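Chemist: The residues making up each chain are set out below.
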Amino acid sequence: MHIEVKTVLGKDKWFLSGASLATILALLSLLGPHAVPFDPQDMSFEPFARPSWEHPLGVNDAGQDILSELVHALGNSLCFGVFVGALGLLLGVGLGLAAGWFGGMAGRVIMSSADVFMAIPSVMVLILVAALLMPSATVLALVLVGLSWSTTAKAVRAQSLSLRGQLHVRASAHMGGSALYVISRHLIPEMFPLYLIGFVAKARMAIFMEASLAFLGLFDPGRKSLGGMIQYALRYYYMDVWWNWLAPAVACLSLAIMAAGFLAISLEKVLDPRLRSRWG
Amino acid sequence: MTWGSGRSREWLKDLFTFGLAALLLVCLSYALPRLMPGDFVTAMFASSHVTLSQEQESEARAYFQKEEGFPGYLLRLLSLDWGRSYALGQPVSSLIFQALPWTLLLAGGAHLLASLLGFVTGVEAAWRRNSPRERALVGLATVLEGVPEMALAAVLLALLAFQLHWLPSAGAQTPYAEFSFGERLADTARHLALPLATLVLAYFPGNFLLARNSMVMVLGEEFILTARAKGLPDWRVRYHHAARNALLPVVTRFGLRLAFMVTGVVVVETIFSYPGLGTLLFNAIRSRDLPLIQGVVLFSSMAVLAVNMGLEILYARIDPRARNAH
Chain U
213 MHIEVKTVLG
223 KDKWFLSGAS
233 LATILALLSL
243 LGPHAVPFDP
253 QDMSFEPFAR
263 PSWEHPLGVN
273 DAGQDILSEL
283 VHALGNSLCF
293 GVFVGALGLL
303 LGVGLGLAAG
313 WFGGMAGRVI
323 MSSADVFMAI
333 PSVMVLILVA
343 ALLMPSATVL
353 ALVLVGLSWS
363 TTAKAVRAQS
373 LSLRGQLHVR
383 ASAHMGGSAL
393 YVISRHLIPE
403 MFPLYLIGFV
413 AKARMAIFME
423 ASLAFLGLFD
433 PGRKSLGGMI
443 QYALRYYYMD
453 VWWNWLAPAV
463 ACLSLAIMAA
473 GFLAISLEKV
483 LDPRLRSRWG
Chain R
82 MTWGSGRSRE
92 WLKDLFTFGL
102 AALLLVCLSY
112 ALPRLMPGDF
122 VTAMFASSHV
132 TLSQEQESEA
142 RAYFQKEEGF
152 PGYLLRLLSL
162 DWGRSYALGQ
172 PVSSLIFQAL
182 PWTLLLAGGA
192 HLLASLLGFV
202 TGVEAAWRRN
212 SPRERALVGL
222 ATVLEGVPEM
232 ALAAVLLALL
242 AFQLHWLPSA
252 GAQTPYAEFS
262 FGERLADTAR
272 HLALPLATLV
282 LAYFPGNFLL
292 ARNSMVMVLG
302 EEFILTARAK
312 GLPDWRVRYH
322 HAARNALLPV
332 VTRFGLRLAF
342 MVTGVVVVET
352 IFSYPGLGTL
362 LFNAIRSRDL
372 PLIQGVVLFS
382 SMAVLAVNMG
392 LEILYARIDP
402 RARNAH
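As they're listed, the protein sequences go chains U and R.
Residue numbers in the first sequence follow this note's numbering, run continuously in steps of one, and reach 492 at the last position.
Residue numbers in the second sequence follow this note's numbering, run continuously in steps of one, and reach 407 at the last position.
Just so you know, these hints were derived from the structure itself, not from any lab.
Small disclaimer: the values here were computed from a predicted structure and weren't measured.
Built from N, CA and C at the ideal position, the CB exists for glycine as well.
Check the hints yourself; a few may be wrong.
[As the list claims (entries may be wrong)] Over the 10 Å line for every Cβ pair with chain U, so calculated as not near, a few chain R residues:
#: 1; residue: F178
#: 2; residue: G252
#: 3; residue: R309
[Claimed, not checked] Here chain R is said to cover these stretches of chain U; the calculated rule only asks that three of the stretch's residues, wherever they fall, bring their Cβ under 8 Å from a Cβ of chain R:
#: 4; segment: 277-284
#: 5; segment: 330-341
#: 6; segment: 416-424
#: 7; segment: 428-436
#: 8; segment: 468-479
Can you make the complete structure from the sequences, with help from the hints?
Modeler: Right under this line is the structure:
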C-alpha cells in the first residue's frame, strides 16, 4: 500500500475543492459564534422580522437571530460528524487490527459481529434510543459510533491480513519484533489512506444522520441544528421565509455533506489506482 | 458436488447473521423501556402532548411494566399483536399496514426508477468517458450526491409547488373528492410526483457514479478487447459483455446504501405529508406515541433486514465467482 498520498491528492481537483469547502465551513463554525453579536438562544427580537443590518438573515419564529442560529447549528453538525468519524474510525481500526493480526476465535467473533452490525439499519436504532431515552447528543453520537465501526474494521482486517504475509513484515517479526512493534511500525502507518477514507465516510454519514434526527425532532429542542432549522422553517412555508431562513440552512447542510463527499471521492481514487486515470 | 455444500454453508451464515441482527433489534426494543429508572409511564407522559385517561394510564403501565418476559414478548410480536397507539387509539399493526402500501409505492418506485436510470446512464457515460459532456455529467452527479433529501425536497417544494403551483405540496390523494377511477389514478400520480422526484434525484447520483465506475473498470478488461476485435456491434459489447459484469458492484453496494435510503424516505414523507410509514413515525415521535414508535421502528428494521438478506442470496446467485468460490 505504498501510495504517494500527498502528490496524488495535491493535484486532484475534487480533493482541493472538498478540502477548501471543509476549511471554509470549519472556520465559519469556529469563528462565527464569536463574530455574531447575538446569543442564538436570545429570544428578545421581533419574530419573523425581515433581514436588516442588525439581523442580516432576519429573525425566526421564536424571536432568535437566524445568523447566530446558523453558525451555532453548523458548528454542532460538524462537531457531531467529526466526533463520530474519529471515534468510529478508532474503534474500527482497533477491532480490525485485532481480528487481522490475532485471528482465531476472537477474530471470527469480531468479523461476525461486524457483519451483524453492518446489517442493522442504524437510523432505526437511533430513533428508538432517542425517542425512548431522550439522551444528549453525545450519547446519540456514541450509539452511532457503536453502529458504524464495522466497514472500517472489515477493510483494516483484510488489509492487515495481506500485509502480514508480506516480506518486510515477516522480516520484522523474525528479527524479534514484538506484535506491538510490528503493528505500530508496519501495519498502522501503511494503512494510512484507509483511515482518511474511513473518517470522511463516517463523518459524512454522521452529519447526514444528525440532520435527519434533528429534522425528526429527536434532539433536545434547545440544541441548535441545521436539520432542526429546516424543520422549523418548513413549518412556516406559507410565509416569506424561503430565502432568509430555509435557504441558508439548506445550503450549509448540503455544502457540509458535499465537502465530505468530494474528499471521499478523491480518496477512493488514491486507494484504487485503477480509477485514477479514468476519473478526470 | 463440493460447491453445493459450500453454498448452503454460506446461506446458513447469512441466515445466522441476519437472524442475530433481528434478535438484537428485538432485544433492544424489549429492553429499552425496561431499562429506564423510575416510572416509565409518568416520565414519558408528564411532558407529552398526549393526555392519558385513567384507563389508558393503567393500560400503559400494564403494557410496559407487566413482566411478560422475553419469550412472551417475542410471541406477541410474531402474532402481529404490537399494542395500541396512544394518540390514535388504533392497533399499531393496522396503522402500519395502512401506511405500508404508500411507502412501498413511493420508495419502491423511486428506487426502481433511480436504479434503472442510474445504471443505463452510467453505462453510457462510461462508454463515452472523458468526453466533455460525460465530465460535466459526472461533476453534476458528484455535486448532487452531496445534497441531502431534505434540501432537495425544500427546493422542489419551493419551486414547483409554491412558486409555479404545478403540483400539490402535501398528501397522497385529494381528500373527499369524488373521482372516477381514472381521475383518482391521475390525482394519486400528481401527488406522488414531488416526493418521488425528490427521492429519484437523491438516489440517482449514487447509482450513476457506481455504475459508471464499475463499467469503466470492466471496459479495461481484455475480454472487452476480444469482443470488439471479433467485430461485434458496439451495443452488444456494451450491454452483453460489459454491463452484465458491471452490474455486480451496483447490487452489492445497495445493502450499504439502504440505511441512508430509509432515512431519506422518512424525511421526504414527512416534508410532503405523504401518508406512509415515515409520516406515521414522525407523528408518533411528535406525540410521544411509544407503542407506535416501537412498532414502526421494529417493523421497518425487520423489512430492511429481510431485503438485505434477499439481496445477499441474490448476489450469491448472480455472481458466478461467488458460486464457485467455495
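Chemist: Take the hints in turn and mark each one as holding or not.
Modeler: Okay, the hints, checked on the actual structure:
The claim that R:F178 is not at the interface with chain U holds, since no C-beta of that chain comes within 10 Å of its own (minimum 18 Å). Distance check on R:G252: its Cβ is at least 14 Å (rounded) from any Cβ of chain U, clearing the 10 Å threshold; non-interface status holds. Distance to chain U confirms R:R309 as a non-interface residue, since its nearest Cβ pair spans about 18 Å, more than 10 Å. Evaluation of the coverage hint for the segment 277-284 of chain U: breached, as 0 residues show C-beta separations to chain R shorter than 8 Å, against a requirement of three.
For the segment 330-341 of chain U, the stated coverage by chain R holds: 11 residues have a C-beta nearer than 8 Å to a C-beta of that chain, and at least 3 were required. Counting residues of the segment 416-424 of chain U whose C-beta sits closer than 8 Å to any C-beta of chain R gives 5, which meets the bar of three, so the coverage hint holds. Remark: the segment 428-436 of chain U is confirmed as covered by chain R, as 3 of its residues place a Cβ nearer than 8 Å to a Cβ of that chain, reaching the required three. Residue count for the segment 468-479 of chain U with a Cβ under 8 Å from a Cβ of chain R: 7. That meets the three needed, and the coverage hint holds.
Hint violations for this structure: number 4 only, all remaining hints satisfied.
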